[in-house]
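Chains as they are written, first to last, in this note's numbering: chain A, 1 to 395; chain B, 396 to 790.
A portion of the hints provided could be inaccurate.
[Unchecked claim] Once the Cα atoms are required to be at most 25 Å apart in a straight line, the calculated SDA-like pairs of lysine to any residue come out as:
no., chain 1, residue 1, chain 2, residue 2
1, A, K60, B, K743
2, B, K639, A, K60
3, A, K336, A, A379
[Said to hold, decoys possible] Partial selection, computed: residues in chain B whose CB lies under 8 Å from chain A:
no., residue
4, Q418
5, S433
6, A502
7, T658
To be clear, the hints were calculated from the coordinates, so they are not data collected in a lab. Built from N, CA and C at the ideal position, the CB exists for glycine as well.
2 protein chains.
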Amino acid sequence: MKCTGGIDLRDVEEMNINIDPIQAGGRLTADAMKAVISYGDGYSVCDNCGKPFRLDYINKPPIAEFHEDLAAFVGMDQARVVPGARRGFQAVAGTYVGKGDPVMLTALSHYTEFIAVENAGGIPHEIPKDAQNIIRADAAAERIEEVTRTFGRPPVLLFIDHVDYQFGNIHEVREIARVAHDYDVPVLLNGAYTVGIMPVDGKSLGVDFVIGSGHKSMAAPAPSGMLATTSERAEEVFRTTQVKGDLTGRTFGIKEVEMMGCTLMGVTLMGMMASFPHVQERVKRWDEEIEKSRIVIDALTSIEGTAVRSEMPRRHTLTRVDTSRSFDRVAETHKKRGFFLSSALKKKGIVGVIPGATKVWKFNTYGITRAQAEYVAAAYLEIAEENGLSVSPAE
Amino acid sequence: MKCTGGIDLRDVEEMNINIDPIQAGGRLTADAMKAVISYGDGYSVCDNCGKPFRLDYINKPPIAEFHEDLAAFVGMDQARVVPGARRGFQAVAGTYVGKGDPVMLTALSHYTEFIAVENAGGIPHEIPKDAQNIIRADAAAERIEEVTRTFGRPPVLLFIDHVDYQFGNIHEVREIARVAHDYDVPVLLNGAYTVGIMPVDGKSLGVDFVIGSGHKSMAAPAPSGMLATTSERAEEVFRTTQVKGDLTGRTFGIKEVEMMGCTLMGVTLMGMMASFPHVQERVKRWDEEIEKSRIVIDALTSIEGTAVRSEMPRRHTLTRVDTSRSFDRVAETHKKRGFFLSSALKKKGIVGVIPGATKVWKFNTYGITRAQAEYVAAAYLEIAEENGLSVSPAE
Numbered sequence: 001m002k003c004t005g006g007i008d009l010r011d012v013e014e015m016n017i018n019i020d021p022i023q024a025g026g027r028l029t030a031d032a033m034k035a036v037i038s039y040g041d042g043y044s045v046c047d048n049c050g051k052p053f054r055l056d057y058i059n060k061p062p063i064a065e066f067h068e069d070l071a072a073f074v075g076m077d078q079a080r081v082v083p084g085a086r087r088g089f090q091a092v093a094g095t096y097v098g099k100g101d102p103v104m105l106t107a108l109s110h111y112t113e114f115i116a117v118e119n120a121g122g123i124p125h126e127i128p129k130d131a132q133n134i135i136r137a138d139a140a141a142e143r144i145e146e147v148t149r150t151f152g153r154p155p156v157l158l159f160i161d162h163v164d165y166q167f168g169n170i171h172e173v174r175e176i177a178r179v180a181h182d183y184d185v186p187v188l189l190n191g192a193y194t195v196g197i198m199p200v201d202g203k204s205l206g207v208d209f210v211i212g213s214g215h216k217s218m219a220a221p222a223p224s225g226m227l228a229t230t231s232e233r234a235e236e237v238f239r240t241t242q243v244k245g246d247l248t249g250r251t252f253g254i255k256e257v258e259m260m261g262c263t264l265m266g267v268t269l270m271g272m273m274a275s276f277p278h279v280q281e282r283v284k285r286w287d288e289e290i291e292k293s294r295i296v297i298d299a300l301t302s303i304e305g306t307a308v309r310s311e312m313p314r315r316h317t318l319t320r321v322d323t324s325r326s327f328d329r330v331a332e333t334h335k336k337r338g339f340f341l342s343s344a345l346k347k348k349g350i351v352g353v354i355p356g357a358t359k360v361w362k363f364n365t366y367g368i369t370r371a372q373a374e375y376v377a378a379a380y381l382e383i384a385e386e387n388g389l390s391v392s393p394a395e
Numbered sequence: 396m397k398c399t400g401g402i403d404l405r406d407v408e409e410m411n412i413n414i415d416p417i418q419a420g421g422r423l424t425a426d427a428m429k430a431v432i433s434y435g436d437g438y439s440v441c442d443n444c445g446k447p448f449r450l451d452y453i454n455k456p457p458i459a460e461f462h463e464d465l466a467a468f469v470g471m472d473q474a475r476v477v478p479g480a481r482r483g484f485q486a487v488a489g490t491y492v493g494k495g496d497p498v499m500l501t502a503l504s505h506y507t508e509f510i511a512v513e514n515a516g517g518i519p520h521e522i523p524k525d526a527q528n529i530i531r532a533d534a535a536a537e538r539i540e541e542v543t544r545t546f547g548r549p550p551v552l553l554f555i556d557h558v559d560y561q562f563g564n565i566h567e568v569r570e571i572a573r574v575a576h577d578y579d580v581p582v583l584l585n586g587a588y589t590v591g592i593m594p595v596d597g598k599s600l601g602v603d604f605v606i607g608s609g610h611k612s613m614a615a616p617a618p619s620g621m622l623a624t625t626s627e628r629a630e631e632v633f634r635t636t637q638v639k640g641d642l643t644g645r646t647f648g649i650k651e652v653e654m655m656g657c658t659l660m661g662v663t664l665m666g667m668m669a670s671f672p673h674v675q676e677r678v679k680r681w682d683e684e685i686e687k688s689r690i691v692i693d694a695l696t697s698i699e700g701t702a703v704r705s706e707m708p709r710r711h712t713l714t715r716v717d718t719s720r721s722f723d724r725v726a727e728t729h730k731k732r733g734f735f736l737s738s739a740l741k742k743k744g745i746v747g748v749i750p751g752a753t754k755v756w757k758f759n760t761y762g763i764t765r766a767q768a769e770y771v772a773a774a775y776l777e778i779a780e781e782n783g784l785s786v787s788p789a790e
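One chain only, chain A, in its complex shape (with noise of 0.2 Å):
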């Protein structure tokens, strides 16, 4: 079937096992599909704005209701839902950042971190990782002491991704809090792959925000995401307009700078609202999708020469992985060449890995069943006993 325009309907998910490195986290559960259908128009949650008019404040659907649920869910005070979390990292890096200011990053951060700060004219330092591609304390604490000496006054901000895109890797956030908090400066938390689909609490954590997405991490639709914070910092990021018109003398009530007035005015918080109370319950459910995921590693790395980049044991569903001495063989005498890999895993209805990766890749099993992960660990032996690569059991 297809809509106007020569758009294909996606089917993706339904005819396929997906194992994509973002996708995983933001399938719609069938209740946000249902609020989809439901709220697809446009401005569909405004039917019942009143004074006062902004998003968070509506009852009906019960919208303000869920914004304090979100603060809670990462143990923080105040939240607010954004157009992803990028739009997060650019509300809090518009508020704290200013022209030629340094921000610390990580070695690690996501581009859109970047980008956030060099929107506001900040100049990006990166926290290096260790040998075992992990974001540590010291190395804050080194960084951030260097960077306070040079420019003869501390960061403005520092981001950490609770886990990175790279690897997938849990980084000490806690630890590297404190460190930052030493020197005042407010530490923002990129939960772009834990929040929704781990337990994450910014409190303990020490963090003075925690930002989420919602197409990545807690099954709604793009482009969607949270901002929480702490009450002292919410006066700071969620300040209200104080601009005036010169000449009607018109204010703007309560709208926030930083969010733009209403952010998310339909379908894609509807989505999100929809799907949270399963999210809130997925949470507790992570070790069981560490498990999963062990299934399939402990496959990739039975096979000769193939490594796990990311560290172990696995404490996350996304994994990098490097078969440059297996897969990446195979392909330099393959007729399909690096594209034998994706093309094999196609045909068995597995897709999500990039066509042509046959040296350093990602996968993430976040959400598939145990029988889906099985499956897709025999795929892979299965694939490398084809093409002559010997499987020895895990060590």
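Dock chain B against the given chain A, drawing on the hints supplied.
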């Protein structure tokens, strides 16, 4: 039927005639609804993302082609999709407006334009409206001249609403753009109430930026919108990231700073795309929409004491009505007070007017059928007569 979390499914559009001022142009087309169902999952458009990794380069679904079509649709050279018109304002203000810079707005500018200026640190100056509530070029010239004298330099940007949110009036855009360009001031057209419902040709209007709203006027889910510009300005507002990881040396390719990388990675964009062929057609039928609006206007103005505050004859379907000497007089003694009007309308299946409003209010007939327009017209007359207001044929 309910989703989880206490969400009632929405049937406002199916069960009623909705004349809400902001919702009329954002109702989905049937094709958009299909697309929404199919592309509800988070990053649903990213299945075939490849080098270069950016939303507007994706060919399957045909997102790249859609971007070209969008630019052509408003007579500009390049376009990007954004999470709402306001995010387009933010991108342009972020590019041109620095701290303390004078910026031209108007007495009828939407609050999101003010907030975009505030967010960038600019100082807003309003161009006054005339007695007919129209923004005219002579007023613009005077105010630009005044601001230029005061600051010792011209304003850095001028916002003009093609059609404003208060009266639904059409302003002297072409002439204002000419005046602004005499001072080398770039001109941003806020087409939130025009792009997608009436023909808009940015090049012919002589503006530098055309911004449209998907959820307000392009039959698309929220948040969505577009920012189109000339080749020359595209280099500025769509500049790519230049930032670099100071330790890792990482750079971030062709991601655009003001777009924060990719913008609408799923359902919002696909809804917009699926509606687009219908939107391209419907703007040609703008005259019919005006006619339908006049059916309701004629009825309202035939009620004693009722006045239209928008320019007459109407050239837009959003209209501001003053019933402080008609329906509001009824409200004084009615047992439901000011709620009698919205309540009586609701009983007749007409929604979208603010409950309790009987003095000055707005409505928008866009997209209703001729029979529905006649029904709405008759409903107002009936309510007037039932409440003792005399009705005389329109002059």
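Where does the structure disagree with the numbered hints, that is, which hint numbers, in rising order? As far as the earlier hints go, only 2 is violated by this structure.
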